[in-house]
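Peer 1: One letter stands for each residue in the lines below.
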Amino acid sequence: MKSPALPSYSSARRTVFPYLFTLFFLLALIDSWRRVGVDLFIFFEPLGREHLLKFLTGMFPPAYSYDFLSLMVRPALETIQISVMGTLIAIAIGFPLGILATRNFSVAGVLNDADTTGSPARLVTRFSIYALARAILSLFRSIPEFVWAFMFVRAVGLGPFPGVLAIGIAYGGMLGKVYSEIFESVNPRPLEALQSTGANKLQIFFYGWFPQVLPNFVSYTLYRWECAVRASAILGLVGAGGLGQQIEISMRMFNFNEVLTILIILFFMVAAVDTISAKVRAIL
Amino acid sequence: MHQYRLEKIAKAFDRHQAAVDGIDLEIERAERVAFIGPSGGGKTTLFRLLNCTLKPTSGKLWINGDEVSDLHGRRLRTVRRKIGTIYQQHNLVPRLRVIHNVLSGQLGRWSTLPSLVSLLRPQGVELACKALRQVGIEEKIFSRTDELSGGQQQRVAIARVLMQDPEVILADEPVSSVDPSLASAIVKLLIDISHDTGKTLLVNLHSVDLALAYFPRVIGVKNGVTLFDLSPPQITDDLLEDLYSGHLPEKEEEKLTDEESRTPFLQ
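Sequence order for the protein chains is E and F. Numbering-wise (the working numbering), the first sequence opens with residue 2 and increments by one. Numbering-wise (the working numbering), the second sequence opens with residue 11 and increments by one.
One or more hints might be untrue.
[As the list claims (entries may be wrong)] Among chain E residues calculated to face chain F with C-beta under 8 Å, some are:
| id | residue |
| --- | --- |
| 1 | GLN82 |
| 2 | PHE207 |
| 3 | TYR208 |
| 4 | GLY209 |
The hints are simulated quantities; they were obtained by calculation from the structure and are not laboratory data. We treat Cβ as the ideally placed atom computed from N, Cα and C, and that holds for glycine.
Whenever a hint applies, use it, and build me the whole structure from the sequences.
Peer 2: Below you can see the structure in the form of C-alpha cells.
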C-alpha cells in the first residue's frame, strides 16, 4: 500500500545535529556542575555529618501514636480527593483541547486530501484553531502545578480547592498534549476503509479512532492520576491542603518522625493507586 | 452509461514522480476486470482514486456518468457508499468485535446516532450474521477481530463489503496475505458474488495465473500507465515479460505475512 511520499531517510541522517547536540549537552553539564555547587564531600565533613545524622535519627522511630494517626486520616483522604477531582478536571480540559490540537483532525480533515477541499479562509480558520489549542496546552503545562497552586491560593484562599484547580490545569495541559500524540499515532488504514464505506467523521471517530486509542488513553490517564496523588502532597506546602500541609507543619516543628510517618502513608497511597491502575489496564 | 470513465487521471504525491500518470479507462456495469503489474506500479493508488479516497491531481473521473473528482462532504460520501473496497491488509479495526467491523460496512447509509448506539448494544445482529454466513465464519461474530487469523480477517473484510452492498467491489490484492491454496477460493468467492448480484468487480492481483484464469478482461499497469488492456487469450508471454521487466520476480516480492491456518475453507 502506498502512502504519500516521506522525505528520504538518508538525507535526514546526514546532519551535524547529533554532534552539535552532544557538544551542547557536555558544555551544559560541565557548566551546571560548576554553578549549582555540587559538593558531595559536604556529607563527610563533621558539620554536614552531624546535620544529616540529626535529620535521619530524628525520623526514627516514625510517629505512631493514636492521636497523630487519627489526625492524619482527614488530610490523607483529602489528598485522594484532590487528586481525583484534579484529574477529572484535567481530562475535561485535556480531551477537547487534545482533539483540537491533533493535526489530522483540525487541519487535514480525517484523512487524505479528499476531505480538505474548502475555501482558503476555512483552511486558515482550521489552522488557527489548531495553533491556538496547542498554545493553550503549552501554556498550561509549562507553568508548574506548584506555581499554579501558589496563584490559586492567592485567588481563592487556602484549602484543597486551589490544589484541585492547579492539578486540573497543569495536568490538563499534559494530558491534552499526550492525547493529541496518541490520536496522531493511530493506524490510518482502518480509518481509510471506514471512510471508503461513506462513513461521516463522527462515525469514523467512534468506529475507527476511539477503539484504537482507548487502551493508551486509559493507561496514560491513570498514570497521571498517580502523579496527581504525589503532586497533591507537594501542593500542600503552599497551603493547598492535603498531606503536604501536614508535612510542612511537622517540618517546621522539627518533628521528623511525623514526616516519616506521612511519607509512609503517601507511599502506600501511591502503591494502592498503582495497583488499581494495573487492574484496570488488565481488563482492557 | 459506463460504471467508470477515466480521462487522463493522474495522481502525484510529490512533485518528482506521479504514482498514476494519465490513465484512460472505461469500465461497464457488472464487468469483471483484473489489474496486474509490478508492485509500486500504481495499482493501489489507482484503486484509491477509484474509491474516491484520493483526489486526482489532474484528469477527470466519472462514476455512472456523474463527474466525481470535485465532490466533497455529503455528496462525496453518497458516491463512496456505492463502492466497496477490500484491502490487502484487511484494514479492520483490530480492537472491535467482528460484528462491529461487519456492521461498519453500512455506516454510509446509517444515521449517526443509531450507529454509535450499536457500538454499545449491537443492532442488526441478523444482518451481520447473514453476511458472515456467506463467507463461512458465522461462529466468530462476537470474537474480537485481532484474535482471528489472517485468512479469517480477510473473510470478515469481505463480509463488511457484503454488508455495504455496493454497486462496485474493488479488491486490492485480496489474496496476497493468505495461503496460496486458498487464494483461488477467495477470488472465486468474489467472482460468484459479482455474478449473483450483478456487481462490478475490479481486482488487483499479484498472481498472473489467477487473473488469466478467472477474468475476461485483464489490464497491465506499470509506472502509472496502462501497458495493455486485453482479454486473456490475447496476452502473450512477451507482454507479461515487458510488464514485469526490471522488477523482482513476484514470488520474492510477496509479503510473508501469512499466519493462515492450513485448514481449507470455502470448498
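Peer 1: Out of the numbered hints, which ones does the structure contradict?
Peer 2: 1
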